[in-house]
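A.B. asks: Chains as they are written, first to last, in this note's numbering: chain A, 85 to 469; chain B, 129 to 1036.
Calculated from the structure, these hints are not laboratory results.
From a predicted model like this one, the values you see are computed outputs, not experimental measurements.
Quick list of in silico lysine-lysine cross-link-like pairs, DSSO-like style, CA-CA up to 27 angstroms:
| hint | chain 1 | residue 1 | chain 2 | residue 2 |
| --- | --- | --- | --- | --- |
| 1 | A | 139 | B | 941 |
| 2 | A | 153 | B | 941 |
| 3 | A | 310 | A | 244 |
| 4 | B | 797 | A | 95 |
| 5 | A | 310 | B | 853 |
| 6 | A | 153 | B | 973 |
| 7 | A | 153 | B | 853 |
| 8 | B | 338 | A | 368 |
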Amino acid sequence: MNLDDIIKETKTFYCLECGKCSSICPISRYDPAYSPRLMVEDALLGLEDDLVHNKELFSCLTCGACQPKCPSDVNYPLFIQKMRAIASSNGEHGECAHSGTIQSLIRLMSNPGVEQRRLEWLSNGYRTSDQSEVLFWVGCAPYFDPIFEDLGFKVTDIAKASLRILNFLGIEPMLLPNEKCCGHDILWTGDLDTFKKLAEQNAAMIREAGVEKIIFSCPECYRTFKEDYPNYVEIDCELQHISEFLSEAIEKDGLRFKESKKKVTYHDPCRLGRHLGVYEPPRKVIQAIPGIELVEMEQSREESLCCGTSAFTNCDSYSKQIRVERLLEAKATGADTLITTCPKCQIHFRCAMVNKAEEKGPDIEIEVMDMVNLVANALEGESNE
Amino acid sequence: MSNSVLVIGGGIAGIQASIDLANMGFHVYLVENSPSIGGRMAQLDKTFPTNDCAMCILAPKMIECYRHRNITVLSYSEVATVEGELGNFEVDVLRKPRYVDETKCTGCGECAQVCPVELKSEFDQGMGNRKAIYKPFAQAIPNIYVIDKKGTAPCKAACPVGLDIQGYVALISQGKFKEAFHLIRQKVILPATVGRVCTHPCEAECNRGKVDEPLAIAALKRFVADYELDTRTEEIAPAPRTRDERVAVVGSGPAGLTAANDLVLMGYGVTIFEALPVPGGMLAVGIPEYRLPKEILKREIEDIKKLGVEIRLNSPVGKNSLTLDDLWQEGYKAIFIGVGAHKSANLDIPGEDFEGVYHGISFLRDVNLGKKVAPGEKIAVVGGGNVAIDAARTALRLGSREVTIVYRRSRREMPANEEEIVEAEHEGIKIQYLVTPVRILGEDGRVSGMECIQMELGAPDASGRRRPIAIEGSQFTIDVDAVILAIGQSPDLALLPEDSKFQVSPRGTLVVDGKSLATSVPRVFAGGDAVLGPATVVQAIAAGHRAAIAIDSYLKDEMIPPEQEPLPTITIEDIDLRGKERRSRVAMPTLAPEERLTDFREVNLGLSAEMAIEEAKRCLNCGGCSGCRECEKVCQAKAINHEMKEEFLRLNVGAIILATGFDFYDISKLGEYGYGRIANVITAIEYERLTSASGPTYGELKRPSDGKIPSNIAFIQCVGSRDFKNMPYCSSVCCMHATKEAILAYEHHPGTKSTIFYIDLRAAGKRFQEYVTRAKEEYNITYIRGRPGRIDLSTADGNPIIWYEDTTTGETKAFEAELVILSQALVPSKGIEELASILGISLDKYGFAEIPDKLFSPLDTTRLGIFACGYAHSPRDIPDSVVQGSSAAGRVAEATAAKIPSFVAGGV
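Bound-form chain B, shown alone (with noise of 0.2 angstroms):
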């Protein structure tokens, strides 16, 4: 038998029964499922009759609640699931993680100031904003913030490495670029390189591209890493060698580097055996310089080797040279292998070893290492992925005067990059689709030509795209003098032992374990293009972190850390789109196309601050927190946890007391009022929120289209109430709070003229009909009866105009008003029904409690030891709800007290 009872729903009813029963000497336990307590009473400026500010007469009440010592708050909590029966009912209360301790948090709002994203606020009903840190009002209870992860962006889901990319984007909205590198320096090395060249999945994915156009990512990310290195002033130390261990890296890729980045972070010594005399794998000698200057490469992979990382040029691994094996004579204790797919791949046709055929990657490193390459005048690139756009762009900027490229899938199936392909055409360079090569023609061993054949597209093949299917007959010839094959790329593996026991893949690339990364050789790893065969920059990174890590673990013979189980993906019908208006996607300025092929000058430059902070504004902020921590930074309680996670906390109660409150009908159907389509028809809880000094014009009331104040007002009754197609009761307290509103505006602004529109004027309780008639007499508000069927909106400046019935002529009319305030049905709490299904009790057709015996136990649920009170039980205004608060107490204590044994003693 427990003397323990749990009040769900923090309104005032909820607070009223928990200080009722606590002052009996019951412990209570106060799930509320909002961050703060206080319910709907919270959100009003005054209460009807007395016009008292609301939250004076709340905040009292809120605050004994929250300390007295036998009331237990357990906020942003709900209850999961509930077994048992009076007396002794077990109870899961599931504790909704905050990501800020409550024990140390100060409520002292720092972290709010500096945090870049800005969401609709609840308490505001959408009128105003908050953060994505926030407390919803200020005078919450518990006064604690709270951290609103709505979920995972699909940027980030989409971003190989997990990038926070909401994270920095949202910093650059702020002009806080440095944090922004800071925050994409985690996770990403090389970010100017990156920004430059990466296939940026994320921008597919980006949410904002079903409203206009996703963000552009990739620039923005470039344009904080290039005003990192134009404008750093410190110093990179070198990383601090705690760990004997040294590790090897084979290949200074994007992989490699990253490998080596993330264990030198982690105290090992590293040593990166690269072949080439440059650093950098693809990136330095495959992508061409207008593409990626080579001095920004040079750069970044200068900062990593900063951090202590050991590059040693001129250096292959493999049969000819220093041997894996030498290397474990060396004393290194694990070797990660990123070595990339650099063989390109043959065409197997007659020809092929004409004088004037290249081969792509060899020729874009020659031309990348400063060899001086003359390819011909008129060129044919045989293929359609990046590699044959950036030979095809190369040549062209060598002098060549006609460059054709010749694939044979059609555009949509072309893998490279779009804009690279855009870009291309503007150089004019001409493609031909549906085209391959039969032959190559030559005279004196030099090419002179290349015979070719029209294709068409058949089923698809393993790859997912439609096979090209030669036509008979349709060869055809192009004059052209050099050829240059980029149709593919394999990982040269010449490194591996003649007898290695190294698994390798049909396709010609290394086999690792998915989590690890770990080849079939002990303490060898492996990853990138040499696993994946050609991919992309970012897969390569996001395989070097999990290299590292794995071989971190390895070292230190530990499991590898289990991956976090990332939150559900935001899509775009999880976003409130209200407000936004269509914006165009920043426009990367370009080079001139007439400047661009005398030489490599870098043909995007780059956005300037100014364009990256309005993109960045642009971001819809989809995972709501986003990942920045700057909130981290600036909380000197030292209170922000991101990791944190929920909880279940087992309660056992004697009793339940059912206290959820009511939410607004969503009235937008109704379309004759015209709500979402006329700005200045508004709810009435949102212009309480206007109303309220604490609200989003601080109490000054400007209506939504100009921020006007409005001289003229309308209130319409019953909208959505007491009617058959949408809720037929009565909401109870529309009446007489559209009349505490209308005397509001007037106190606000004397001389307003408010106008109420409505069927019936229901003014039961104690002195409300008095409050009508003062209202009538000095408040200059009058009463039409007459429920209007339609707002139409005046073309002139945005002033509503309602067409209505005076019942007391008979005549139709219309009425032109400045703000028209619709009182809309006051329905159940949302998610009553999957509550009372966790109660096991009944609730009407309307989502209100069933009451089975209402005369004699008013009270009392379908379940025996569960109660309840307020608008949960059915339509009622506050002072009735205190009352109902009062009468659970009481119930409970009756219903209980024949169980407690200190009761049953003495009585208290």
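The following block holds chain A by itself, in its conformation from the complex (with noise of 0.2 angstroms):
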């Protein structure tokens, strides 16, 4: 793709450059000088090269808290997914956090000649088919546990609450064995040819697997699957965000859980949320469970704060700033737990938390939790984990 066709696939022509943009972005809050409108101002002006040698095109946390406030509709996500695969092609790559480790690790996957044990946490209480229509995809999770052991949590324990849901629910999933980084992150930093490669290997393991349905417990690997993935390969499932598979149940069969006492506060994930619309679901299932109080926090839904930090890329003060701020507002509701439906904001919000003892601070700490962790434990007739 070129320079026009991207400002024409974004409507960025529309732009009146009047920097509502900029008055959004929680990262232009925390530096001054850090201003979407001026990217788009380059792009329109044919400034290409500027544009793409920018170390801010990395900084961008796509978050999207701009675009349902843009009154010239400019897909600004969208642009800088399609600018960074420019600058990527230029050789610019951005700052990757955690020395590489997760960017490389994808790069990995993507070689058809890798074999992955990355089922091992799999122990005997799951019940999985491989006669099963319905697919549950784990994502990065094994990955994530070595990775971010210093967090005080295991992110499998997403995927192992998740099945146990829905073992609940008289279903044994598939899983794949070998199955592929869905690529949201090599994407969202402009690798296009490594995501190819993803791509078309999940989308053959899917073929063959001839599942009818895709269930995600990570509305990265979700959102990929739906608005990323169809401009490579083709994917004949339904899919479906865990939550909006629970909200569901809970209404058509009747899905009923264990008291459970609680004062929690629901963060919207950028993905599930806005890209995706999937607001209601969520807090459907967690005010399903009686004794939970929901207080939502002061920027909720379309306004929802990003946990600052997208794709692994770019992560500094600045992130850690808007992380406090998320952090500090979920404090502000009383709220005993923060719940989420990503494992991402979840790794964020804990890195922020346990690197905090570095630095005098606020009192962040708060208990963090995604969705089917709190609902796995209100499971009738189950014990608590």
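Work from the hints to combine the two standalone chains into their complex.
C.D. replies: Following this line, the structure appears as structure tokens:
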């Protein structure tokens, strides 16, 4: 794609140069010089080189906070995604966090010859089946466990809780033993070649598995399959986030929960909320548990504040400040627990709390939990984890 | 071919078009849907770029328009139907009722002074209040008041009598207790009694109940009536006897007393025949003293007697005494039967005839008539209605140590008043739910115990309540020495002759015609519990009114007058709740529980005047005008007519001009600006009302949160305009009006700093750019190019904080202001889609008139003969609207001239 195509596809030519995007952008609030508008201006002025080599190009969280408010309907996150593809082909990659470990792993996985042992976390208590019509997409959780050991939780616990819930509802889903990374982070940092490889391999495995439905516990995988894969491959399945699946089960099948007295607040992940418009199902599920009091944060739903980092790239002090703001907001609700539906958000929140010991600062400690873990603990007849 | 023209919309464009046409010799009908012409320009303080006072230049035009002999202003009216074509349109105009006679009102304003109802003023955009009878603004043309009747308040709709509850509550809120009393007394007799015992269905429907708690309507009625009894100085004069006929009323309960009251006021002679030694029916012998002191009832019944009603006590009507035939012989021309339902139902269980088994009704009657009754030490009361509770609480006061109520359903199905149940519990009465007696046990013919059985609720029965079903084997015995049965009542119809042709229902009640309350026997009417079975006092009063009207019509040989169609009932969604904070309902002071059981002193002590006024102020004024009629009393021109109806006027016109102007886009959904969330974020038109000397703050620029005069103001342009997700077009006037308002702020308080956040500054008109330049140079106004995306609230002092990018430097910044003004998008007038469909014209997707040929026929809509001008046509300012108004007049003349003989003959 060239710059002209990008401008057309993202409707950037409508831009009024009004700066509303910058005034909403969480990064701009902490870094006044950061201006989404100026990047669009550069594009409109044809300053492709400046844009491609601008380090700030990889700072955008692609959280989409600007998009619902842009009076000219510019699709800014998509603009950034496409620009980064041009940048990447010009050798620009942004600053990879964690020494590039995650990006390297993803690229490793894209090699068709790679065999993985990614289901070791699956113990005997969980029932899966090769014959199922439902596939549960695990995502990169098995890789995150060792990388983020210091954060005090296992990302695979989200997968486990999801499986427990599905089993409880009588579903023994299929798990792909050689699942490849969906490619979200790779796509959003512009490496289209690697992304294509991953997409093709995943599509082939799914085709061969012959499943009708894929359930996700990670909004980034969900969004990638739903919005980005169709540009490259065909996935002929129904796609659903586990919160949507549970919300349906509550409404249609009368799924009920044990009482759990907790005051919680809910963080809308960018990919599930603004990118896909899924705001109510997680809330419905949380509030279906008797005894739960759900209090909304000041910035919620469409106005939800991003967790501060995207694609493990350009994670800096601004990311941290945004994260702290969000955690303070969660604490201000008086809730004991911050519930989210995204493993990445949880990783980033926990990182802020664990690494807080290094600096003096406000108290940001709060219990963080994925919705599926909250639900799994409330299943009738099940003992608590 | 008509040389009349219809102009729809009385704003500046419509006024200009009307005057131009009138000067040419056309007759103009100017239809305006609000009570006054003037439109949006009347709401402005000043106009740009000259900073002229808007009203000073508008008012002369308004007057010229109104007084022009060729212009008929039809204000408070709407176009209902349009048929025909250019030269010959048939138009029906709906004239909404003002309830004020236009030919008599002088606009003096005495009525508004006394009106107790305050509502949000539309002209002041909700920043200030007006009364229910009002002129929209001081210079309104026509200079005539209008009464805002929004609908029927739910309290009035729920009341069987249709009492003007909002009316008397409003009067109480103004301290006008006597006036409140008179309003109540017109429809409700015995108000001090009713205020104590009514089941108040009004309170269940009170819309305030959906905000916090319903108004204590019954308590307010009681307060007013008690106040009147305590402070009355004039004597009640007997009603003039203007008719020869006499009516007999059987029974002096509330139904009979009401019928008698009404009939004596209509001029008839009325005699009530009461079987008992005291008047009042169930009020006297059913309701205990601690709920309704006999003294109060007695005084209120005396008031009815003073009107000229004769009450004969100890005079039963029936087979063994005075019969109905005797009454005809004595010359009565009509009879009303209001004997109530004093027969108590039997339980039909073994042991019912033991000594110590009482019936609630006769038990209460004996106590109320002063007989000595000692019911027993441990009593069971069977039943769940008010009679059961009354009997239980009475027994306690007579010395019984332990009183248990036994009811066969659960608490939710109990028919007794909730307040009564609660008080019974406070007094230590135990209530056993889902229990029914099987047998009364006796020793030596006296009650020694009661065998009961547990019940459970099954499917609903005919009454809609779940049927109780006995649980096998769950019998148990309770230890009691007396039982009071209060399980049901029915009328004692022994007064009816043996061979009577009276139709009686299976329940034992009299069957009557629903409208006239006539029984199946000519000249005999009936109402109250005798017809309904055990019902309420207020239903009996309603029946009394209805019967009196029917009897009066019958005696005059006239038709019963048809009932008024009520206005639709107002629901909570219809009410503007801005600024209403939650406040609890006043608590009725009561006698301390320890003090209650020693005697029969009244338990509820009544509200004080201060409490009553405070409580009355909680009323939401759902119906708008409260029906208190104070305005009528002070109008010296006798211009007020609450019975006015809407009317239709048929016009024949040659052409139609659409000049309906604009409304304000609803920006409350644009959450980022904080409108509605942050007090000091207001819209431009709201600010305009603040700067106006005729506005709610008399021109003081007090900001909403604390009344402080802001020295640092920010304006945000294009709120909802130039926005693909809201209104994509430019509203045309905002850049200039923001500049104007910033200039005015400085003129009010020199030194004020104003900052205007814009994208493009549109100053295209004559001398507009110079105006902006002066603003920058002389009025301390800074223009920042940047469209804010977020407004937070500063924690300390109510200051909004604006986040914006200064697009000239690329820096994102936070700007704290003391007051933020949003230049909100302007859209075609509300209701334009409906009007367009009536006119048969097309609108564009934003609601502006569709103009097929924009270049050569720029005012022609899609229907020949209908032209659009002003904002209804497209966004524009006042001078441009005036130009289009004149153009439309010219276009009408051109289009119709060829067809008008006098024009063709020699030209004008």
